Amino acid sequence: MLSLYLRDLRLAGRAGSGSLTGALFFLAVVAVIPFGVGPDLNLLARIGPAILWIGALLASLLGLDRLFQADSEDGSLDLMLMADSRHMLALTVLSKCLAHWTTSVLPLVVISPLLGLFMNLPPVGLAAVTLTLLVGTPAITFIGAVGSALTVALPRGGLLVSVLILPLTVPVLVFGVAAARGAVADPDPFLPPFLILVALTIFFAVIGPFAAALALRNAD
Amino acid sequence: MIAGCGDSKYLQAVSGRTIYNDMSDTVKKTSGIMAFANPTRFLALTDTLLPWLMGGAVLLLAVGFYMAFTAPEDYQQGITVRIMYIHVPFAWLSMFCYTMMALSALGTLVWKHPLADVSLKAAAPIGATFTALALITGSIWGKPMWGTWWVWDARLTSVFVLFLMYLGIIALTRALDDQGRSARAAAILTLVGFINIPIIKFSVDWWNTLHQPASVLRLDGPTIHSSMLWPLLICAIGFTLFFSGLHVMAMRAEIWRRRVITMRKLSARKAEG
Chain A
84 MLSLYLRDLR
94 LAGRAGSGSL
104 TGALFFLAVV
114 AVIPFGVGPD
124 LNLLARIGPA
134 ILWIGALLAS
144 LLGLDRLFQA
154 DSEDGSLDLM
164 LMADSRHMLA
174 LTVLSKCLAH
184 WTTSVLPLVV
194 ISPLLGLFMN
204 LPPVGLAAVT
214 LTLLVGTPAI
224 TFIGAVGSAL
234 TVALPRGGLL
244 VSVLILPLTV
254 PVLVFGVAAA
264 RGAVADPDPF
274 LPPFLILVAL
284 TIFFAVIGPF
294 AAALALRNAD
Chain B
8 MIAGCGDSKY
18 LQAVSGRTIY
28 NDMSDTVKKT
38 SGIMAFANPT
48 RFLALTDTLL
58 PWLMGGAVLL
68 LAVGFYMAFT
78 APEDYQQGIT
88 VRIMYIHVPF
98 AWLSMFCYTM
108 MALSALGTLV
118 WKHPLADVSL
128 KAAAPIGATF
138 TALALITGSI
148 WGKPMWGTWW
158 VWDARLTSVF
168 VLFLMYLGII
178 ALTRALDDQG
188 RSARAAAILT
198 LVGFINIPII
208 KFSVDWWNTL
218 HQPASVLRLD
228 GPTIHSSMLW
238 PLLICAIGFT
248 LFFSGLHVMA
258 MRAEIWRRRV
268 ITMRKLSARK
278 AEG
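Going down the list, the sequences are from chains A and B.
In terms of our numbering, the first sequence opens at residue 84 and continues consecutively.
In terms of our numbering, the second sequence opens at residue 8 and continues consecutively.
Don't read these hints as lab results, they were simulated from the structure.
Computed from a predicted model, the values in this text were never measured in an experiment.
All C-beta atoms in this analysis are idealised placements derived from N, C-alpha and C, irrespective of residue type, glycine included.
Check the hints yourself; a few may be wrong.
To give an idea of the chain B side of the interface with chain A (calculated C-beta under 10 Å), a few residues [claimed, not checked]:
1. Val-65
2. Leu-116
3. His-120
4. Gly-187
5. Arg-191
6. Gly-200
7. Val-211
8. Glu-279
Kindly produce the complete structure, drawing on both the sequences and the hints.
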């Protein structure tokens, strides 16, 4: 598991893997929003957590179709499928998900406080958005692994992956934004939605890899 | 089936790796729930069942509509309350259909029931249509009642998400060309979605109470009077029968479609020599 994780990290570190494109996309999306809604700082501060969350959600969907496709193209996916008796496939998928999250989603989380400054968020809000993104985005990756595994055989599955899993990510978005908003706005609670967000991530960490493993075996 | 019985063994041989591609004429000796697994037996059974389903649906819907139009009007909503008699069955069926698809998905993945995947594939567009109709009738009802076509109410939003999930499943079944593979992929997606539905519902409820003051939707206050309940129930049963009829028809069409594809492959193989 660990060696696979490190291998995926190294692969992503090489040129041409495009894992930082997601972060650029995130930056671009967030930069475009003020042009749409106007430069009113009060308004931006109010919808800032939502913008950051939606931007991060879209950006993390962007690279998902490559989660298994590169391995499928060079044949290493077949090896992982055959090694099922020694390394449980769901665990293999889990470590691939973690590697993918580290390389293409963690940068989003890291730059989100900076983008939060653009949105005129108070320091507490910055911390809350970063924390909720840190906790919540793995759930998106785990759900996305299912969509990615289902469409691994398709030459152009990228758009389909997004269509398939966006409805399923609604709960993550709802509780992520609710917790981030709860930290800023006074009457709304922070802890309950945050804990539910943690629960969602843990839940999908189980469901996602198992369903993705099933889908990968099917695609073989 | 158009070809003779002698072809069927040949059909099985060429028709591919999975049992899903099969749909051939041979009657296997099976028992229990798998007794209905044979497409030919299914076709024969539905031949007799289908007129009853559709006849019952037409009859019940006629009675239901008649009762709905003679039922008293609501003291607040006037005549628009009659939309309820189609709107509620549609909304109910949209969930019924998804539950049935999830069961079919289990049938595909666990028991490898060859008709389960036909059932899943046939049900998805019908379910999507019913969900869309529920949304449309709801918004037609909402315009005079709430003064707007759409509110981001918890129930509306979750039905809308359900609609998106239907479309995703349909897109996935259309995207893969191998039947067995597309069947299992759709089954996995359906099951993951089914696990997710309660979570989505819960999260949307949470989101709604957080965002929206409870001012728009206070229609469900009084319990429904029996003069309205009976036509509603009859309409609901009628639409359920109608749905089952449509579903069976779509499954039959799908089976015949697969047989035609198999025959085409067969004749192409023969032509090659």
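Against the structure, the hints:
Contact between Val-65 of chain B and chain A, as hinted, is not supported at the beta carbon level, the nearest pair being about 35 Å apart and thus beyond 10 Å. Interface hint status for Leu-116 of chain B: upheld, as the beta-carbon distance to the closest one in chain A is roughly 7 Å, under 10 Å. Hint status for His-120 of chain B relative to chain A: violated, with the closest Cβ pair at about 16 Å, above 10 Å. Interface restraint check for Gly-187 of chain B: the shortest CB-CB distance to chain A comes to about 8 Å, inside 10 Å, so the restraint holds.
With a least beta-carbon distance of about 4 Å to chain A, the hint placing Arg-191 of chain B at the interface is held under the 10 Å criterion. Checking Gly-200 of chain B against chain A by beta carbon gives a least distance of about 7 Å; that is within 10 Å, so the hint holds. Satisfaction of the interface hint for Val-211 of chain B is found here, the shortest Cβ-Cβ separation to chain A being roughly 7 Å, below the 10 Å cut-off. Hint on Glu-279 of chain B is violated. Least Cβ distance to chain A is approximately 27 Å, over the 10 Å limit.
Checked against the numbered hints given earlier, this structure breaks hints 1, 3, 8; the rest are met.
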